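Enquirer: Here the protein sequences line up with chains P and H, keeping their order.
Position 156 of the first sequence, counted from 1, bears residue number 499 in our numbering, the numbering being contiguous throughout.
Position 672 of the second sequence, counted from 1, bears residue number 676 in our numbering, the numbering being contiguous throughout.
No wet-lab data here; the hints were simulated from the structure.
You may find that some hints are simply not true.
To be verified - Computed footprint of chain H on chain P, listed as stretches where at least three residues anywhere in the stretch have a Cβ under 8 angstroms from a Cβ of chain H:
(1) 357-368
(2) 377-385
(3) 533-547
In this text, all values refer to a predicted model and were calculated from it rather than measured experimentally.
We put the beta carbon where it would ideally sit given N, CA and C, even for glycine.
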Amino acid sequence: MPKAFLIDTTRCTACRGCQVACKEWKNLPPVPTRQTGTHQNPPDLNPFNFKLVRFSEHMDKNGVVSWYFFPDQCRHCLAAPCKMASSDPAAILQDEATGAVLFTDLTAKEDFETIRGACPYDIPRQDPASKRLVKCDMCIDRVRANMLPMCVKSCAMGAMNFGERDEMLKLAAARLAAVKKTSPKAQLLNSDDVAVIFLVADDPLKYHKNAMAEAIQPMTRKQFMAKAISPLRRIGGQTVG
Amino acid sequence: MGLSRRGFLKLTGAGAAGLALGQFGIDLRPVSAYAAGLKIEGAKEFISICPFCSCGCNTLVHAKDGRIVNVEGDPDYPVSGGGLCAKGAALLSLHTSPERLTKPLYRAPGSDKWEEKDWDWMMERIARRIKDQRDRDFKRTNAAGQEVNRLESMFHLGSSQVSNEEAAVLHQMIRAYGIIHFDHQARICHSASVPALAECFGRGAMTNHYNDIGNADAVLIMGSNCAEHHPMTFKWVIKAKEKGAVVMHVDPKFSRTSARSDFHVPIRSGTDIAFLGGMVKHIIEKKKYFADYLLDYTNASFIVGEKYHFKDGMFSGYDPAAKRYDKSQWAFEKDEQGMVKRDRSLKHPRCVLNLMKAHYDRYDLDRVSQVTGVSKADLLRVYEAYAATGRPDKAGTVIYALGWTQHSVGVQNIRLSGLIQELLGNIGIAGGGINALRGEPNVQGTTDHALLYGYLPGYHSTPTANYQTLAEYLKAYTPVTKDPKSVNWWSNRPKYVVSLLKSWYGDNATRENDFCYSYVPKMEPHQDCSHLYIFDRMYKGQITGGLCFGHNPCQSIPNINKVRKAWDNLDWVVIGEVFHNETTDNWRRPGVDPKTIKTEVFLLPSAYRAEKDGTISNSGRWHMWHYKAVEPLGMSRNMGEMFVEMMNRVRGLYAKEGGAFPEPILKADYPETFDAEAVARRINGFFTADAKVGDKDYKKGQLVPGFPHLKDDGSTTSLNWLYCGGYTEEGGNLAKRRDLAQTPMQARIGLFPGFAWAWPMNRRVLYNRASVDQHGKPFNPDKAVIAWQDGKWVGDVPDGGYPPMAMEGGKYPFIMTTEGHAQLYGPGREDGPFPEHYEPAETPLTRNPFSGQMSNPCMKVIQSDVDILAKNGDPRFPIVLTTYSLTEHWCSGSETRNAPPLLEAEPQQYIELSPQLAKEKGIKNGDVVIVESLRGKTEAVAMVTVRIKPFQVMGKTLHLVGMPFAFGWTKPKCGDSTNRVTVSIGDPNTTIPEYKACLVNIRKADKVTEL
């Protein structure tokens, strides 16, 4: 039975427990950062940050401020474009038991830009030393041991949820119905196509430019891959346009 | 989600190790090659507690081969459910950091380096330093010839980081030395809470607990940014919100708390009393109060004496020379029997409700809006939503923290929220109360154990020279009531004080020698030995040596340029720390030549949380045990061992050499080595003679089953009566309990009576007898805390086990106040029986529209050449600065700046400002700016954000900026202390500094040196 995440951003307080817990479990080294006028740091995903809470603030015409938090990570697509784009089928695995999309050591031999370009969410990064491609692996070691992924474990707010896919879809539908009562624009992002389903209360673009799958991407070899990810494109195209 | 530790992980029965996944029929071959072995496989698991905020998140520490390999949240902890915020999530990095202090370090006077020394060398020299200074400066008598037995030239600072057991042995040592300049973080974070809440309800603690917030119908978060600073609070705020509660955030800036609230209301820092005063007026005028509660459970009907009056911002009885009120003028009127006169018709002009109504009559919407900068629409939005809880079936909770405490009116900010909660009948009920979110990890516990100059453990005032005998002291501090229905629990104080003295001095304490009362150092009446005064006296050369453990004052005290210079004046200092910080390394700070600094520094490496056993008390008073997972790193030791060795070494010197008044040291009943479990038993206390409780016999040396059985005749001991009952012959160490069982009634309100233990007597919701009517029937049966059923109370432990008020033997529910009622009118505080709006010491206004009195007439003003204040409305400093913390760093940042993933997320000093101010000053987002006040200046990166808005105050646009206080110079390019610009001004009741409001100006930096 595949697993899924529900990331309910309406409960996220951006405490960044998930961001830090991920680094700690995986012993990822720090990256040097600077304060540049935002709380979002590091500025983007990088070879040593697989989980990043994105911050975006907005003020409407009535002066009402909203501050959105988006705990970004690999979506573990059901039909993973990165896997389709890889030249060696053994480089990127998809675990049948969980649905986890896993980058192996063999990804060092893949063309990084191709793999990254194939990802509708711009997730893959490359370790500068080993050249290996890296990203969230669903804490497959923990999940195999019947433990929650570390980001989910660290979340006290109920923003990060993990479990059997059908359970998560049920939870997602229930939460969407509840949130819609006060936030009519609330929606689930690409829920038919990914294992990491985000619930947002507003236009996804207000959270992050890659919150949803984008339709138009510059591609060469990737254009071929684009056909393979048509379900994502379709959804992205309809909503984000 | 349904995947609890019990449901998911323990399903296998094998925990993390040795899982046979094949049994689930999952083919793991595709990933087997990918996923290496689980890093905690084969590890031992220990329960510890996060060493940061007072949420007290329990953690699971995994250790392998004596090393910590993982730390994650404990799913069984009811507050967090296994979650951890960024700080808690970084505990592996922190415990294993290469920056940890692992060896004792010595810095010789004038030296530019640390030298490694062994413990024996350090401890011997420290003991000698302490003894020499004590022998030189100890005072047997004061100028009036009264016996005082005190040492003024030596200080002790810290720490809310220590366990309750460490705090107990520390306090005993400090008093034995005679030290009176004795303070810790509670002073600067929540000292205002104790006198404020105690004046309202009788005890100075958070009334409810974290889980209980989920029961609220309205949540007013004001003076707190709890999503960031007490992150687990929000788990329960969200629960309440999803059940339909309205969540309101009133705070100067829009923060992560505002983001998850229903709405945010920006308020000018320092105007909370104006805001809340307007709410009191609204509640009274619109009759939104809970009338029965008001009449039966508060002092609304009490009649105040004729000497009380209030005119133009001043209460009666003010002495301008002393800057102090004669509080006797505020007393209640009493009848011939000594009973307080009451008018239950509430018509008497001097009954409390009518005085209150008159007092807040000036707090109309226009005036409040003009002063606070909050629009009238926003004022009404909050007033109406919150006042709607003034019904028996609705609960409103107030959540506050340092945004209220750190003002020159800190105590009265909190007091006023108490008045509102009393009017609305929100005290004692589920989902109600005043949730004072205490600061540091064990600051509740270290306040209870009184690492504070003004208290002995258990909230007994430190004796002063005018009480030369125990009898005089006890008479002064033991309240008396003539009302037979008032329990007046503090009438038991003599039992607790005598039991404490028996604990301190053992068999040496006898009735004949006043239980060694003379050994306890005596202060002068009104003497202030809090942080601001300690540093002022140090600056002036009157304090020359001392001890500082788990505290970073050279980063965290206001007007830090002065504090750092004051620290230079020390001849010697002993510091216990986990990491280097701005205090340990003050002698090599930027711009200072170490050769000119004479201070001899003894830096002792401290064990970190998962390396020691003991208890901490979370903000909800839950007394919880944490276990040692590994040996302390390197040569580091836990602070309990350090204190005990220090005391015993000093004691050895006195035994051998004699010296100044050695009795308090030589005659102390003090452990030879530190063992947390043994100290936990001493804290609970023993019988010193065979005794009978009910039909049960206790032998001499057995544990006292609870504080109701402590005695004032020397037959019991207890290092802290509040904790008596937490370690018993019958139940053992109750802080270790992990039972999550609940009755259905307890489950409805999230009560976990079997998890750990809460003071007092495992009561989880204080004042819960006010949640029922006079017949013991819950006001809100759906969320009953207690109920009288079949002749007994069920639910929570009742706050006083007496029958309901209407029955024979019934008592008033507020057992800790002298007259048994919650106090709307509080005659015991320094600055008035009703909270009144005064401007901060530095104010952008030139006139206070509420009265002719600009600032708090009693506030503590430190006088020195460098303690200078901008004049009212000073055009040179037109911007209000407020200071705060952030999720990713803890307090002064001295620990968390050493956690790479935290420093990565929040690397540098910043200042949050509005786009309007940025435009006015030509500052772009990301520019470095200079922030300047009359005391100093600091650099910060501009964070230009719509989350900060300009205020309209008294018809003018006023700008407010905000800065965190977590960044300091010991981490390169991190920035330095915001406290270079803040003011040495204190609340008159506790001298908590006014960190939250001062005046600054800002400009774009032409040269950057700190970032």
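Enquirer: For every hint, state whether the structure bears it out.
Expert: Here's how the hints hold up against the structure:
1. 357-368: holds (count 11)
2. 377-385: The restraint on the segment 377-385 of chain P holds, since 8 of its residues have a Cβ under 8 angstroms from chain H and three suffice.
3. 533-547: violated (count 0)
When held up to the earlier numbered hints, the structure conflicts with hint 3 and nothing else.
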